[in-house]
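Below are the chains, spelled out letter by letter.
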Amino acid sequence: MNATLAGWLQIIALVGALALTFRPFGDYMAHVLASPRHWRAERLVYRVGGVHADAEQTWPGYLRSVLAFSVVSVLFLYGFLRLQNHLLLSLGMKAAAPALSFNTAASFVTNTNWQSYSGESTMGHLVQMAGLAVQNFVSAAVGIAVVAALIRGFTRKNTDRVGNFWQDLTRVVLRILLPISLVMAVVLVAAGTIENFHGFQSITTIAGQHQSIPGGPVASQEVIKELGTNGGGFYNANSAHPFENPDPFTDWLEIYLLLVIGFTLPRTFGTMVGDKRQGYAIVAVMALIWAASLAIVTANELHSVSSSAGHAAGGMMEGKEQRFGIWGSALFAVSTTLTSCGAVNSFHDSYTPGGGGLTIFNMMLGEIAPGGTGSGLYGILILAVVAVFIAGLMVGRTPEYLGKKLRGREMKYASLYILTTPAIVLVGTGVAMALPGERAAMLNHGPHGFSEVLYAFTSAANNNGSAFAGLSTNTVWYNTALGLAMLLGRFLPMVFVLALAGSLAQQQPVPITVGTLPTHRPQFVGLLSAVILIVVGLTYLPALALGPLAEGLH
Amino acid sequence: MLGTLAHVVRHHLAALRMLLVFTVITGIAYPLAVTGIAQGLFPYQANGAMIKDNGRPVASARIGQNFSLPLRKGQTTPAPDPKWFQPRPSAAGRTGYDPTSSGASNLGPNNAILIKTIAQRRAAVAAFDGVRPGNVPADAVTASGSGLDPDISPAYAYEQVNRVAKSRGLDPATVRKLVAEHISGRPLGFLGQESVNVVRLDHDLAALKQR
Numbered sequence: 001m002n003a004t005l006a007g008w009l010q011i012i013a014l015v016g017a018l019a020l021t022f023r024p025f026g027d028y029m030a031h032v033l034a035s036p037r038h039w040r041a042e043r044l045v046y047r048v049g050g051v052h053a054d055a056e057q058t059w060p061g062y063l064r065s066v067l068a069f070s071v072v073s074v075l076f077l078y079g080f081l082r083l084q085n086h087l088l089l090s091l092g093m094k095a096a097a098p099a100l101s102f103n104t105a106a107s108f109v110t111n112t113n114w115q116s117y118s119g120e121s122t123m124g125h126l127v128q129m130a131g132l133a134v135q136n137f138v139s140a141a142v143g144i145a146v147v148a149a150l151i152r153g154f155t156r157k158n159t160d161r162v163g164n165f166w167q168d169l170t171r172v173v174l175r176i177l178l179p180i181s182l183v184m185a186v187v188l189v190a191a192g193t194i195e196n197f198h199g200f201q202s203i204t205t206i207a208g209q210h211q212s213i214p215g216g217p218v219a220s221q222e223v224i225k226e227l228g229t230n231g232g233g234f235y236n237a238n239s240a241h242p243f244e245n246p247d248p249f250t251d252w253l254e255i256y257l258l259l260v261i262g263f264t265l266p267r268t269f270g271t272m273v274g275d276k277r278q279g280y281a282i283v284a285v286m287a288l289i290w291a292a293s294l295a296i297v298t299a300n301e302l303h304s305v306s307s308s309a310g311h312a313a314g315g316m317m318e319g320k321e322q323r324f325g326i327w328g329s330a331l332f333a334v335s336t337t338l339t340s341c342g343a344v345n346s347f348h349d350s351y352t353p354g355g356g357g358l359t360i361f362n363m364m365l366g367e368i369a370p371g372g373t374g375s376g377l378y379g380i381l382i383l384a385v386v387a388v389f390i391a392g393l394m395v396g397r398t399p400e401y402l403g404k405k406l407r408g409r410e411m412k413y414a415s416l417y418i419l420t421t422p423a424i425v426l427v428g429t430g431v432a433m434a435l436p437g438e439r440a441a442m443l444n445h446g447p448h449g450f451s452e453v454l455y456a457f458t459s460a461a462n463n464n465g466s467a468f469a470g471l472s473t474n475t476v477w478y479n480t481a482l483g484l485a486m487l488l489g490r491f492l493p494m495v496f497v498l499a500l501a502g503s504l505a506q507q508q509p510v511p512i513t514v515g516t517l518p519t520h521r522p523q524f525v526g527l528l529s530a531v532i533l534i535v536v537g538l539t540y541l542p543a544l545a546l547g548p549l550a551e552g553l554h
Numbered sequence: 001m002l003g004t005l006a007h008v009v010r011h012h013l014a015a016l017r018m019l020l021v022f023t024v025i026t027g028i029a030y031p032l033a034v035t036g037i038a039q040g041l042f043p044y045q046a047n048g049a050m051i052k053d054n055g056r057p058v059a060s061a062r063i064g065q066n067f068s069l070p071l072r073k074g075q076t077t078p079a080p081d082p083k084w085f086q087p088r089p090s091a092a093g094r095t096g097y098d099p100t101s102s103g104a105s106n107l108g109p110n111n112a113i114l115i116k117t118i119a120q121r122r123a124a125v126a127a128f129d130g131v132r133p134g135n136v137p138a139d140a141v142t143a144s145g146s147g148l149d150p151d152i153s154p155a156y157a158y159e160q161v162n163r164v165a166k167s168r169g170l171d172p173a174t175v176r177k178l179v180a181e182h183i184s185g186r187p188l189g190f191l192g193q194e195s196v197n198v199v200r201l202d203h204d205l206a207a208l209k210q211r
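The listed protein sequences correspond, in order, to chains X and S. Under full-length UniProt numbering, residues 1 to 554 are what the first sequence spells out, in order. Under full-length UniProt numbering, residues 1 to 211 are what the second sequence spells out, in order.
Honestly, the hints are just simulated from the structure, not real lab data. Be aware that one or more of the hints could be misleading.
[Stated by the list, open to error] Some chain X residues well away from chain S (every beta-carbon gap over 12 Å; in silico): (1) P24; (2) A68; (3) A99; (4) H125; (5) N158; (6) G233; (7) F347; (8) G356; (9) T539.
[What the hints assert, rightly or not] Okay, the calculated bits of chain X under chain S, using three or more residues with CB under 8 Å as the criterion: (10) 178-184; (11) 522-534.
Just so it is clear, the structure is predicted and the values come from calculations on it, not from any experiment. Beta carbons are placed, not taken as given, at the ideal position from N, Cα and C, and that holds for glycine.
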């Protein structure tokens, strides 16, 4: 079979697998979020944890629980990293430095999983599995919990209650993330991902040299890293590392896992609001953006567009693994930057200007196609609110979405949401470029070096976590600045989403009339896609012009 | 005021207790369960697909190795050993293929150093294998993402057959047959790329010599 046909079939099989699980899995998640019954195990969790899981919360109450849980998570993880040398299974690793510990704690709690460290030379096994991997589960669940509250805002009327955070959190972990992870971790091991508690094993190689073979509970962490769109690799090379991602099948499975919750949640949304067509419209926008992005990145990489190194080598294989090739690498790169995953199976710094530039643009879209677990759906629903509002302005009517009026108050929350991330990205990049020491952290010079810094702040503020890894970010300044970017980029938008949820839940729905804009037709799919591209394009065009565009035209 | 503060403290203590519960479930019980199942059902894979000679591990089949001559005085990078099939260039560690330091070069698509390095590698590989520089495939002149890539393309493997056969005094047809046996097709016929695992190939090559 030739490479082109195989590449296409690989994509078609992925889309087919996502389509097959869309309905049953989406409806299952809707059931989990709406069921009135607790599992016995969940009651036990509530009792041991000492929380009231039956009392419905107002939006400020829900937010306080989200923030309390996240604050203690950051502090706990920070302490864990600072004290790891005193704990079991540390493999002799030193305590992480204060700035690195702050950055890493912020990174894993915000579902970003930006890594200023190299896993195999910094983290012991215990901190990986009981510190970092725990946040892989719960930060993903927090995202889904928040979008559940937003959906309840649309479905409920005349109430100030949006659900119970502890109940949502616990159910998502126990009923969705944990069972899938358990099964898929075993599948990964069967296909070659390692799972053990060895330290470095010293061997004499076939040619008589020395090599240290690492160990670790990798498969169990690899699964939730993808499924929860976290992206923090056990090893520095992330999913390019043969112990994390040993062959083309595990690669394909990992891409499926990192996309499946994001692409399926629109079904959950459609089911919960009682109009499945609304979910189809949202997933259509996500799929359009994903497909267009995939086509552009793959074409750029296959033809080494505007890359002298690619032409010199006869193919864009720098930073890519032989077993995945260009097709498998581009598919992973697009999927990981359009979700908030940020795991990588190839290194984007060495991509063509067009391919690498698009991975930045993908993140700038705000991680909505399909985005991170939960955060992708609430991000695109905010943009849907904006799209409906713009359409309303055109015809001079009060806009409505799913029967709820979009008044000044709702639009303020939506606007604040949209402004938050670009402000963090552009201010952060601007300050870094103005400081000579921080500029010097770039590995490459000129426009490509600027792209490295832009990528870093885009990745942090959008909670992606992937990197143009040439930039040396393990400094006090970058660890602090990127840590703050991650925290603000995660929790400020959540405040606005929950405020919007509370505001919508209080409303009495308005009846649908002939003047209501239908939000399930191709017309709305086009409108929403255009709003996404224009809002983002206008915001970031000047920054992109200085980086990837300048490099591509060079 | 005091009442509010007490409430906030109580709320955060509950949050901490919830975090500890999840730490026990997802951070301790879950990885232990997966490890137990993995070690019970798939011990070979779970422990890194180790290749052993006389009971001593000599390689992980998943992790690439250097097949180079010992480093001589004045050299910064070791010279390739003509007796072995050579892996791809590696950016992991100072001399490559160091699993304590996995990673890529991260050099940009128009980086002058990268362009020069690729040209040098192309000339060196062509001279080493006795082929035309234009025929050297891309994977032979580029560093992988992990720096531990155990695989090369079938084209690069076949390119090395004559050189390996000559330096070992073997029939090239025998070595070519060995390469053909080591080509892994695409799983399910369409996933990923065809590749040749250099670690397994060289391990079996050594056995070929002893026969």
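Each hint, compared with the structure:
Distance check for X:P24 against chain S: the nearest CB is about 23 Å away, which clears 12 Å, and the non-interface claim stands. Distance to chain S contradicts X:A68 as a non-interface residue, since its nearest Cβ pair spans about 4 Å, not more than 12 Å. With a minimum CB-CB distance of about 21 Å to chain S, X:A99 clears the 12 Å threshold, and the non-interface call stands. Not every beta carbon of chain S lies more than 12 Å from that of X:H125, the smallest distance being close to 9 Å; the non-interface claim is violated.
Non-interface call for X:N158 relative to chain S: holds, since the shortest CB-CB distance, roughly 28 Å, exceeds 12 Å. A Cβ of chain S approaches the Cβ of X:G233 within 12 Å, the least distance being about 9 Å, so the stated non-interface status is violated. Chain S draws X:F347 into its interface by the beta-carbon criterion, the shortest separation being 4 Å against a cut-off of 12 Å. Listed as a non-interface residue, X:G356 fails to keep its Cβ farther than 12 Å from every Cβ of chain S; the least gap is roughly 7 Å.
Distance check for X:T539 against chain S: the nearest CB is about 25 Å away, which clears 12 Å, and the non-interface claim stands. With 3 residues carrying a beta carbon less than 8 Å from a beta carbon of chain S, the region 178-184 of chain X meets the three-residue requirement, and the given coverage holds. With 0 residues bearing a CB less than 8 Å from a CB of chain S, the region 522-534 of chain X misses the requirement of three and the coverage assertion fails.
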